[in-house]
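> Can you build the whole structure from these sequences, using the hints too?
Protein chains in written order, with the working numbering: chain A, 9 to 449; chain B, 104 to 413; chain C, 17 to 293.
Source of the hints: derived by calculation from the structure; they are not laboratory data.
Do not take every clue at face value.
What the hints assert, rightly or not - For each label pair, taking beta carbons as the anchor points, the in silico distance ranges come out as:
1. A:Lys336 / B:Leu193: 54 to 60 Å
2. A:Glu58 / B:Lys261: 48 to 54 Å
3. A:Lys441 / B:Leu193: 28 to 34 Å
Stated by the list, open to error - PhoX-like cross-link-like pairs, simulated, lysine-lysine; straight-line CA separation at most 20 Å:
4. A:Lys321 / A:Lys111
5. A:Lys186 / A:Lys287
6. A:Lys321 / C:Lys149
7. A:Lys184 / B:Lys307
8. B:Lys261 / A:Lys186
9. A:Lys87 / C:Lys149
10. A:Lys304 / A:Lys379
11. B:Lys307 / C:Lys21
Glycine included, C-beta positions come from ideal geometry on N, C-alpha and C.
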Amino acid sequence: MKTSAKVLLGSTCLTLGLTLCTSATAGDVTIATVNNSDMIRMQRLSKTFEEQHPGIKLKWVVLEENVLRQRLTTDIATKGGQFDVLTIGMYEASLWGAKGWLKEMDNLPASYALDDVFPSVRDGLSVDGKLFALPFYAESSITYYRKDLFKAAGLTMPERPTWTQISEFADKLTDKSKEQYGICLRGKAGWGENMALISTVANSFGARWFDEQWKPQFDQPEWKNALNFYVNVMKKNGPPGASSNGFNENLALFNSGKCAIWVDASVAGSFVTDKSQSKVADNVGFTYAPHEVTDKGSAWLYSWALAIPTSAKNDKDARAFTEWATSKEYAALVAEKDGVSNVPPGTRASTYTDAYKKAAPFADITLESLKAVTPKAPTLKPVPYVGIQLVTIPEFQQIGTNVGQQFSAALVGSTTVDAALTQAQSATERDMKRAGYPKKG
Amino acid sequence: MNTSTLPPRTASAGDQGQQKGSVTKPGWFLVSPSVLLLLVWMVVPLGMTIYFSLIRYNLLNPGENEFVGLENFEYFVTDSGFFPGAMNTLLLVGSVLAISVILGVLISALLEASEFLGRGIVRVLLISPFFIMPTVSALIWKNLIFHPVSGILAAVWKLFGAQPVDWLANYPMLSIIIIVSWQWLPFAILILMTAMQSLDQEQKEAARLDGAGPIAIFWHLTLPHLARPIAVVVMIETIFLLSVFAEIYTTTNGGPGFASTNLAYLIYNQALLQFDVGMASAGGLIAVVIANIAAIILVRMIGKNLTDKS
Amino acid sequence: MMTLKQSRRLQSVLLGTLSWVIAALIFFPIFWMVLTSFKTEIDAFATPPQFIFTPTLENYLHIQERSDYFHFAWNSVLISFSATILCLLISVPAAYSMAFFETKRTKSTLLWMLSTKMLPPVGVLMPIYLLAKSFGLLDSRIALIVIYTLINLPIVVWMIYTYFKDIPGEILEASRLDGASTRQEIFKVLIPICKGGLASTALLSLILCWNEAFWSLNLTSSNAAPLTALIASYSSPEGLFWAKLSAVSTLACAPILIFGWISQKQLVRGLSFGAVK
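And the structure:
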């Protein structure tokens, strides 16, 4: 141990010396992104970008969504300057753009074809008409179902189902002894996990997060109906362990044939139809997300976009990269190398060619869902906030997660629906009071 | 004469000792680098933490940093998750300590009781979990073992015709305790095992010849010898167990409700998710106070073993 | 009636079997992780869990293609070993003086040192982050080495102190009477006796540095990112990931696991908790 320690010490000093010498060079662009397959693909194909732009070296920091978000917020708020390109959602783009932490994406070249990008997506990433991030892909929520199971039971899925209808279908399609569950929905606690889904359920039951005076609305009948529905249908027809199932776990369940119906992000479309990871690839049907008393806010809107912080060290090259990665040329590159169904979905009208629609059977529903979302007026009753499955205020991450925890507990059964709602109400009231609402305009 | 391989600061101490005569106390000069460093390490962040805890400082609203006195503390303590969090912290520490020490002693005794085939390999297998990253352990346990549909335990339950248990949802605290014990039991085994090997074999033989049964030998000879290693294990484990975070973050996210939230996670949840540095700092200080109280109690109970000569 | 020898043998076999069963149970999760790393994603999630399957290297290939494993691994090695060595260099003199020149303040100093570890890292993230930023040390190996040295210092000092305390004073008296200086005392007498203890302390420090996942994730981005960051990039993405995660976990834990196995043999051989000649 001692001799090897000495050897190591020696080589350590040598290497330390060497490593201290190599520092960041001018053409380095540090990109922070999520570890979703579209981004991994972007990382892989970015070698083409490096070939086209010698002198720019791309460095990647790939993290899981929640860790990434925390890292990015810490860095950008303290002007750490560790990253040149950030992968963020509409939530951060709106909040940080308003604070002046992001560089405005102005003076885009005509070849970028900004008009090709869907207006709702562009809007979601802008503040006061100024665009602060370029969208990489966008998603809404849709309903996936097993055509074969429906056929065998003699059922037909209507084009625009209601949640009540879904519940009835689920009743008929559940056979727990055969590990067949009528419905799989997100149950894992988190503002971007179960709350995304539950918010859309609540919206469709006519509920809203806050009224115009920023008072939380969990004590209202609409939320009670929505949460009762969710908990009951999951308890009766959902898989075990639902309260720890997020997107991934439900995807795995659906792909291994255990779910008859699944309501979740439209990006899952390419996963469930991929034979290399799905046992049911040929039997998936797609339709709109369910509504109930209203279809406003029944499907969510989310987009991963690339932004450049004002504290970035190399914004010129960063800008070149973000434009490339969200351009039509990139989409064509993906189509060429990985097949047209893997093109980043939901951002550009030009993506939805006939070839794409043919290769991606979920394309039409996704397209129509994206066209129909209204984040500025997301609910039946008027609200002071923007956002369908989230509320675009800085406090929402924590409020959403806390409420998500309570609702997850209700799903497990360790608390009743009423108790969960009461707890959600008081906790949210407390947090809003601390944050100073409704003084903020 | 001797080429010094020590860094400059301690070389001077050695020299001084040599000059002044044989039994000097190089004491403070040798200790001071470590003490100084730790002092700086502790004081600077601690000072900043205290400062932050007394102001309103939210990362998302920098610039609004007015002095608010004890408001952050009050807010942290009155959170509905505070009491469960504090209780869970103590529960976690207590349970894992008990499991790792008791099982550790028993397993080490088992290993040292007699030679058997492949004992070396068994030793290696037993200490392996300690080398695995906490996040990795948590992910393995969550996805491959505890998962109620595709996990190993679910398969075992189904084999016996029972309904698989949803561990993380229905027994969150127990699941966390299992995961953390699995990681720390090997540490206890490692320390205790090597300590047992230094037990005087002659004394043992003598006792056996005198007619003492194995249990009596164990109780009167082995255990007292193990007192100091056990104290080391308890001390070190307590420090780490008080701030268990990664396992909870990866598996249950503190839920359902607050069932598996401990203080470290509460700070993360309450403060960092909202980027409320003020409250995070207040929470951290409160956690320190609670931890110190626990430590003082522990030290009272076993401290004598640590600093006395055997 | 069994002879004493036979009953001893039987006892040995029984105890041996019991030990093997316990060891297998405890080791099982690790075994399962390595096994899963050779499965396809569909196999990894299959029910009932498959012990027999067609193995594939696709996960490892995917990792190879996507991330620069050796970059992360090298960072881990560099940071862990540097921090451990630095820590030992500072701790040995401190423990020496506390063990053999005990004053009234020793006990409280030791306790105070340990109390510096009571502050949960999560509460002190911001101050440290801001400090690191102002020294320009974000995403640098130096920052991690310094921080790891400091957070492990109390534990290392404690452990070495305990080992030193087990050495009877007579040995040092003897060497001092022979005219040894402090330096010689430490190097020629003390360290050789405590080889095993020092080795196990060093191993502990190495493990703690290698597996430390909070500061390594928050203070690094690309240049200094160690293996813990690599793991973070494989956990919970959208889509199936268990097999890939098992593969990357195996890759991340293998070096330290193998290192631990090898050095553990030396440890057990060399440890003698206070054998006196």
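> Sort out whether lysine 111 of chain A lies within 20 Å of lysine 321 of chain A, counting only the CA atoms.
holds, 12 Å
> Check the following: the C-beta atoms of lysine 336 of chain A and leucine 193 of chain B are separated by a distance inside 54 to 60 Å.
holds, 59 Å
> Does lysine 186 of chain A lie within 20 Å of lysine 261 of chain B when you go C-alpha to C-alpha?
Cα-Cα ~13 Å, so holds.
> Does lysine 379 of chain A lie within 20 Å of lysine 304 of chain A when you go C-alpha to C-alpha?
holds, 13 Å
> Are the Cα atoms of lysine 184 of chain A and lysine 307 of chain B separated by 20 Å or less?
Violated - the C-alpha atoms of lysine 307 of chain B and lysine 184 of chain A are around 59 Å apart, more than 20 Å.
> Given the hinted pair lysine 307 of chain B and lysine 21 of chain C, is their Cα-Cα distance within 20 Å?
Holds. Lysine 307 of chain B to lysine 21 of chain C sits at ~18 Å (cutoff 20 Å).
> Mind checking the alpha carbons of lysine 87 of chain A and lysine 149 of chain C for me, to see if they're no more than 20 Å apart?
Measuring from Cα to Cα gives roughly 9 Å; hence the hint holds.
> Within 48 to 54 Å: is that where the Cβ-Cβ distance between glutamate 58 of chain A and lysine 261 of chain B falls?
Check passed, 51 Å falls within 48 to 54 Å.
> Note whether the CB distance of lysine 441 of chain A and leucine 193 of chain B lies within 28 to 34 Å or breaks it.
The hint (28 to 34 Å, Cβ to Cβ) holds, given that lysine 441 of chain A and leucine 193 of chain B are roughly 30 Å apart.
> Taking 20 Å as the top limit, are the C-alpha atoms of lysine 186 of chain A and lysine 287 of chain A close enough?
OK: lysine 186 of chain A and lysine 287 of chain A at ~16 Å, within 20 Å.
> Lysine 321 of chain A and lysine 149 of chain C were given as a pair; does the straight-line alpha-carbon distance stay at or below 20 Å?
holds, 14 Å
Hint violations for this structure: number 7 only, all remaining hints satisfied.
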